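> Single-letter residue listing:
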Amino acid sequence: MAQPLSKITPSRVFVHATLLGYLLLAMAPILLVFMNSFKERTAIFDDPLAWPTPETFSLVGYHKVLGRSEVWLYFGNSFTVTVASLFFILLFGAMAAWALTEYKFQGSRWLKLFFAFGIMVPIRLGTVSILQTMVSLGLVNTLTALVLVYVAQGLPLAIMILSEFMGQVPSELKDAARCDGIDEFRIFFQVVVPLIRPAIATVAVFTMVPIWNDLWFPLILAPSEKTQTITLGIQQFVGQYATDWNAVLAALALAIIPVVVLYALFSRQLIRGITAGAVK
Amino acid sequence: MKQGFSWRVLVFITPALLVYAVFSALPLLDTLRLGLYSTDENGLRSFSGLANYATILHDPQWSASFWNAMLNNLKFFGIHMLVQNPIGLLLAALLSLRKVRFATFYRTVFFLPTLLSVVIVGFVWQLILSPLWGVSERLLGWVGLESWFAPWLGLESSALTTLSLMSVWQFVGMPMMLIYAAMIAIPEDVIEAAVVEGASPWRIFYEIRLPLILPTLGLVTILTFVANFNAFDLIYTVKGGLAGPNYSTDILGTLFYRTFFGYQSQVASPTMGAAVATLMFLVILLGVGFYFLLVQRRLQRFAL
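Those sequence lines, one after another, are chains V and G.
In case it helps, the working numbering puts the first sequence at residues 1 to 280.
In case it helps, the working numbering puts the second sequence at residues 1 to 304.
Isolated chain G, as found in the complex (with noise of 0.2 Å):
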């Protein structure tokens, strides 16, 4: 390691601080400022202080959207953490069992889904679960099932529960993957230990591997948090900027490139798009600080 500062340092860092402060970091905190400006019907900017997030949470229709967004984005992240994550470490238990048959195969084709586009994932689900193309409504009266079908995607009960399941099926091989890494990091005189013992492998995934990748199920969470709450190009794709029918997929991510940018009958508002931005980074810092400080300090410590 060498010592000092000198001009080398500095032709090494300044490219690399320079591109990420201008169009990073210093970006996000212009928004947080932007937030506290509002602009009048001639484009003319003022001052307001809190007054955006006055109008957010206390008018009735803002609030209302902006309620329904929050709350079907915890929704969409629940459905993440349900059914997600679960099939993820499924998955990684049955890949990192010894003498399983094909293991890398299989790792390679569930991670596939996850490095599609976004967009791409939601127009063939689309085309699936249309009622026009009815291949759901064949494949489920295969099964005898075929009064169970609806047009998920266009009804308000459901629509949200589909995209989320959709998401679900594109992601999971990010958490089966980061879990997959941690089983396989377990030393192997651990579990060749149990097994000597006669212990099953059912307990020793619960007794012995489980309680050994808690961080790594801590880290899916986090990643799963800060992914859902930053969501956007599914929604859109799908059911375009509106998040119909109805709202009722209307996410932060949504409602954040409506407010921000237009659309349709909404006019477009900079600075209340700043101040919505605000609020979704505000959520997200609670998630990540919430993490850093309770969560991975005490995981860490159970770990060793």
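The following block holds chain V by itself, in its conformation from the complex (with noise of 0.2 Å):
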């Protein structure tokens, strides 16, 4: 295959044209919501398909959402709950992970079993009982409720994902440590957990949107003006001012930006995070 890039031959032409074509199908519905948030109403209706120009620029929709306090508390909820749920899956995941992998016991088989049943089955099917726990917890419409939920719904995978980066640490180091006499709890957390920091960042860009993106347990377990997530905030939003434009395009724009935003950072860690899933 020593062809030399310039050649055009017709199955290039079709691996371009085709690649093109799809980036174009990918990119220019999230394309045409930005462009038309930064224009005046009349602009959004007269040539939706146009770029915003200085007569037709406005940020009147901008101006519309954030003027209101309660999307930078949902904003704040969103980003509480997710970090709550990430710093407690990673540190419960990375423990049970490393007691899984590390110490041979009885019933260890079983609880890897029972672990992985929670990766296939999804946990919206309890919800009828989850709810009725929360009632009787008295968490209902709190952050709280959303964090246990979300962390009983990420530990199974950033388990099996951990196991996986666990089994491959040296055993001469663990070892080295012992002789040296040094605490089990210490190994895990100045040994181990440092040297599988990569995996332990893959595992949370993977957990993290799923979660940042969730409608349905905030619809359920926190729909309370003060606990709303930027999704069910969203949801409502454009809900209820479906006639007003600006300030649906400027919520939409508002909403995409930290999810692209955070792409651009880690794209590389969760793509890795799927192909160690996909090729076991």
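Misleading hints may appear alongside valid ones.
Listed next, with one range per pair, are the computed distances between beta-carbon atoms [stated by the list, open to error]:
| no. | chain 1 | residue 1 | chain 2 | residue 2 | range |
| --- | --- | --- | --- | --- | --- |
| 1 | G | L155 | V | N141 | 37 to 43 Å |
| 2 | G | P211 | V | L20 | 28 to 34 Å |
| 3 | V | G67 | G | V11 | 48 to 54 Å |
| 4 | G | G289 | V | L20 | 38 to 44 Å |
| 5 | V | A264 | G | S63 | 48 to 54 Å |
In case anyone wonders, no lab produced these hints; they're calculated from the structure.
Note that the structure is a prediction, hence the values are computed from the model and not measured.
Each residue gets a CB set at the ideal place from its N, CA and C atoms; glycine is no exception.
These two chains come separately, so use the hints to put the complex back together.
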């Protein structure tokens, strides 16, 4: 295959035409929202496919959305819930993965199977009972309820991926530490965890997305004005202001930005996470 | 590997086990149990055996909406299998060809919609397809197909297909990435040998790469299945809890929500909801079991 890159062959044309065509299809809807979110109302309707010009440029939608204090509250709620859930998923997940890969004990195979079950079966099916539990614990309409559910939801996959990486930590390192009489807890936190930091980052990015984007549990467990997450907030906001196109487009654009920024920063980690799971 | 059980193991495993058991595993079991109870007008709960299931499957009104949701869900899944996964396969095959320029860039962009919230994707497409805005009408006009335009999301005949395609647009990155990972894992010398023998790219794809990635295609199928039979957000966002027009976009997820939580005129019933969730659980379990017991085993034997 020593063809020079510049050589134009029918198959090369097909490859690039297909990829470019799909690129357009994947990006156009998002671009369209961004483009029009910076235009004034008449321009949005007169020529939706045009870029904003100095005459049509307007930030009125953004003013409307960002001027509402709830939007900041919703962002804050989403942020709190996501960060807290991630912290506990990674901490508890790494600890459990370590216990399951490092120590042989009775029933460890069953425990692995028990956790693995959660990867395939959606936690959503247990909602009826989860809501009852939260009611009896007095946790309805609190962010704690969401964190607890997301930690339970994220643990199975985290444990599976982290176990995979912990199995690869050379036993010489651990044995050397043990010979020096270092405690098991310090071996875990000071030897093993730093070694698998890349894997932890991968799991973090991978678990973050479904938590940030979830609509179901915020809708059922924490729909109050004070505890709404940004996904639920957008859902209600856009539903209510469906006729105010400036506000709707700005709200959508604002909701897209954090995800795009996150993806730009962590796409390598994310892709590694998917491929690590797939090759297995 | 350290032998023996110690209190340290307990410390390491207890937090994860506790949270997972209390908020995931036990609720699931408890839901299966709750499906066997019924609630009367005063909110009193009593054991009623399989009465809820008898109602769902035999009461004319209930069974009509249950089978309607089931059939719609199968269509939803069918469209993903027919459109999403072949497109994912095509894109992955093209991206994993050697010497395709900008492959990383393409891969990154194709995956982006997958990360957006389903709520956002639903609204974005709702705007684009809206007859009020006229973007799609205008675009069709550019290629002379203006007359094809219709309010697809509002018609009983096309709403479900349109929603499925919106979901396909969003999630195509997932099969693409999984298949891509499998394709670049194929040893280089296998392909090299075929190239030396003078095999065409198409033959290499059909006779070498495709058979070697069959296990991944199996995995993609079961992941699509679980995701589709658990879907809810998109329909709820675009069509609301009533999954209109006239329940033509109702799937198991929205039926579950209405039954359990109530919606407008429909009275909420946790026990009935639990029964619907149990049926969903059985469907998913059936799919997953079928995959693990039959498909995965056979595919792996074939791949080796």
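> Now tell me, hint by hint, if it's right for this structure.
Now the hints, each set against the structure:
With their beta carbons about 38 Å apart, L155 of chain G and N141 of chain V fall inside the hinted range of 37 to 43 Å. Remark: the range hint 28 to 34 Å for P211 of chain G to L20 of chain V is upheld by a beta-carbon distance near 29 Å. As the Cβ distance of G67 of chain V to V11 of chain G is approximately 50 Å, the hint placing it in 48 to 54 Å holds. With their beta carbons about 42 Å apart, G289 of chain G and L20 of chain V fall inside the hinted range of 38 to 44 Å.
Under the hint 48 to 54 Å, the C-beta atoms of A264 of chain V and S63 of chain G, about 49 Å apart, fit the expected range.
This entry satisfies every hint, going by the numbered hints stated previously.
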